[in-house]
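*Asks:* What follows is each chain in one-letter form.
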Amino acid sequence: MVSTKGTRSVKKILLWLFAILILIQFMQPVRNHGAQVVLNDISNVIAVPDNIRGILKKACYDCHSEETVYPWYANIQPLNWFLNSHIQKGKSELNFSEFSMYSTRKQQNKLSAIENSFNDNSMPLSSYTIVHRGSVLSSEEKALLRNWIQSSKDSLIRKNF
Amino acid sequence: MALSVIFITACGNNNRLDRTTQTGVIKTVSDSAKNASRTTLFNLYFKLKNSFAADNDTDAANAAKEMIAAFAGFKANSLTPEQSKAFSEIKEDATEHVSHISANAGNIVHQREHFDMLSKDMYDLAKLTGTGQVIYVDHCPMYNHNKGALWLSEVKEIRNPYMGKAMPVCGKIQEELKL
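Chains as they are written, first to last, in our numbering: chain A, 1 to 161; chain B, 1 to 179.
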């Protein structure tokens, strides 16, 4: 008696969950494709060679620019919400598409923070690299980025003092 | 309406002398408000620095949290427009660093990365607003893969906030800021 009642309410809960899962598929956040991509891009203040841009694009731009390339799972809720919250938080910390609007002080420090982030392996986020295997930075890529960051910082200093 | 006319004429009458004394008073009032904000801020920074020297991530997070409020409440109104711009850039940047430090108890490595950048901001702030006290600028050549980093200290003795207890006396005084 008790157990049938139990299974019935479990079924009921599952049914509700399923219904909610279907319903939230229709709630899709606005996609992250800004209009300002070129206007305030990092390349307006710092030279970004093609190989560097390539690395940043594949490993960082999905969460740190207005140019997100949406993966297949972006069509599935609640995965898209997780992705979207990463994009919003990521952009508020560092946005390559807004980089030229930062003060020089902030530009310098963001370059340092970028280097720290891949030295510590805290970026790209591990929840991202699980799906995007190709976004894991190799030691050669890290070395390229490190050199680029150093010369970029030097050029910012030369420009301002 | 009539009242405001009277007020305006009243102002018009004894303008010169009154104006100058008034702005003079405003300036000293805001100057001492600025100096008080500055003292609060630097003392919190020293508290933060000493927490790092003791390898204490929780105390560091707490001090950093207080610094968020201290920056928000900083009375910077006696600065020239140019200084004011420099100040708001420092404030924006530094606030980001103290926010990271306060949010990252448990990850002292990451906290120290932001402490490095914060210390440069505080150095520039000291240059901008003066210090009101003797402050030592110390330098540690080893931190961050031998890139080195500076910190500010209220005492002459070296207590390294980057290396902590592992290398407490690593570093040396690089500059002395007076008032």
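In short, the hints are calculated from the structure, not lab data.
Some hints could be false.
Residues from chain A that face chain B, not an exhaustive set, calculated with beta carbons under 10 Å [stated by the list, open to error]: (1) K91; (2) E98; (3) S100; (4) Q108; (5) N116; (6) S126; (7) A143; (8) N147; (9) S151.
Glycine included, every Cβ here is placed at the ideal spot set by N, Cα and C.
*Asks:* Compare the structure with each hint and give your call.
*Replies:* Here is what the structure says about each hint:
Evaluation of the A/K91 hint against chain B yields a violated restraint, the C-beta minimum of about 14 Å exceeding 10 Å. The criterion of a C-beta within 10 Å of any C-beta in chain B is not met by A/E98, whose closest approach is roughly 14 Å, and the hint is violated. Taking 10 Å as the C-beta contact cut-off toward chain B, the hint placing A/S100 at the interface is violated, the least distance being around 15 Å. Contact between A/Q108 and chain B, as hinted, is supported at the beta carbon level, the nearest pair being about 8 Å apart and thus within 10 Å.
The interface hint given for A/N116 is met, as the beta carbon of that residue sits about 5 Å from the closest beta carbon of chain B, less than 10 Å. Proximity of A/S126 to chain B is violated relative to the hint, the smallest CB-CB distance being about 14 Å (cut-off 10 Å). Violation of the interface hint for A/A143 is found here, the shortest Cβ-Cβ separation to chain B being roughly 13 Å, above the 10 Å cut-off. Given the 10 Å rule on beta carbons, the hint for A/N147 is violated: about 14 Å separates it from the nearest Cβ of chain B.
Annotation: A/S151 was flagged as interfacial toward chain B, and the flag is violated, the nearest CB pair being 15 Å apart, outside 10 Å.
Violated hints, listed in ascending order, are 1, 2, 3, 6, 7, 8 and 9; each of the other numbered hints is respected by the structure.
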